[in-house]
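K.L.:
Given next are the chains, with one letter for each unit.
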Amino acid sequence: MIYEWLKIAHIILVTVWMGGMLTAPLMGSMLSDQRADPALRLRLRSTFSRWVTPAMILSLVLGIALAQIGGWFTDMWLITKLIIVLALTALHGVISGRLRRFATDPDTTLAAWFPRISLVVLLLLAAVVSLVVTKALFTG
Amino acid sequence: MSSHTSALPPDPLRFIRWSGGVEGLTLIVLMLVAMPLKRLFGVPEAVTWMGPIHGVAFLVYLYAVVEVWSAGDLSGRRLAISILACFVPFGAWLNNRYLHHDAVDGPSGPSERSAP
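Top line first, the protein sequences correspond to chains A and B. Its first residue numbered 0, the first sequence is counted upward by one per residue in numbering that gives the first Met the number 0. Its first residue numbered 0, the second sequence is counted upward by one per residue in numbering that gives the first Met the number 0.
Just so you know, these hints were derived from the structure itself, not from any lab. All C-beta atoms in this analysis are idealised placements derived from N, C-alpha and C, irrespective of residue type, glycine included. Hints may be right or wrong, so weigh each one.
Distance ranges between label pairs, derived from CB positions [what the hints assert, rightly or not]:
hint, chain 1, residue 1, chain 2, residue 2, range
1, A, 50, B, 20, 24 to 34 Å
2, B, 42, A, 22, 38 to 48 Å
3, A, 119, B, 37, 34 to 44 Å
4, A, 83, B, 36, 54 to 64 Å
5, A, 112, B, 44, 17 to 27 Å
6, A, 37, B, 50, 43 to 53 Å
7, B, 39, A, 106, 57 to 67 Å
8, B, 20, A, 37, 25 to 35 Å
9, B, 20, A, 29, 34 to 44 Å
10, A, 118, B, 38, 23 to 33 Å
11, B, 89, A, 29, 36 to 46 Å
Make the full structure from the sequences, and use the hints.
P.N.:
Written out as structure tokens, the structure is:
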């Protein structure tokens with residue numbers, strides 16, 4: 000029963016984390032065109048650090064706990080998923096750092112590739128969901 | 000100062016030092032306590048739980064160093080050293096002592112500057 004509750008919390012937290020990582024780069028690039036309003040940049044970064052980063056950390060904690068309780072650590076699908084989570088965590092750092100500089104330095108603009116991070120996040124998310132749903136194919 | 004400003008870390012390197020300290024501690028406990036307990040005394044539970052805890056600590060540390068690098072407060076060289084350091088016992092702790100050496104001074108680094 001505790002496994003099910005942890006799973007529910009994990010899915011909710013991952014939804015918040017992925018939602019933030021999908022939208023923040025797009026919103027950042029939109030605010031990059033509105034350089035006259037630095038308060039919005041600060042609010043974007045503040046919201047990201049107050050909601051999305053804690054959601055990431057908690058979803059990592061619960062995800063690892065679920066894998067441990069479920070005994071999944073030796074399964075290939077989970078090892079593959081963990082590598083993708085590593086990449087998502089690093090991408091979260093890239094987004095957060097750029098938004099911090101963007102919010103605190105009014106002369107900073109975001110690169111043209113910055114909103115494309117959302118697409119990379121979407122592809123990685125699709126890979127994770129596919130792995131989780133089809134894990135039976137990997138475990139045989 | 001608005002309430003949003005307070006959410007920004009006063010010292011970007013502080014988060015790396017904190018998470019690096021935790022990462023280093025979990026690695027030491029894993030290698031010097033949990034693994035001997037498993038190998039010498041046949042108690043695998045310590046590794047079973049310390050392994051995942053160290054995994055989470057490593058991911059948070061990875062996030063911290065990439066975040067600070069991405070904001071332009073850390074050089075690419077120090078980013079690479081910081082990541083490699085956490086694979087060595089006491090590496091993250093040692094790296095914490097030298098963080099400021101390669102920290103980027105001022106608003107330079109990988110962030111894009113405004114067009115002229």
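K.L.:
For each hint given before, does the structure comply? Return the numbers of the non-compliant ones in rising order.
P.N.:
Numbers 4, 5, 10, in rising order.
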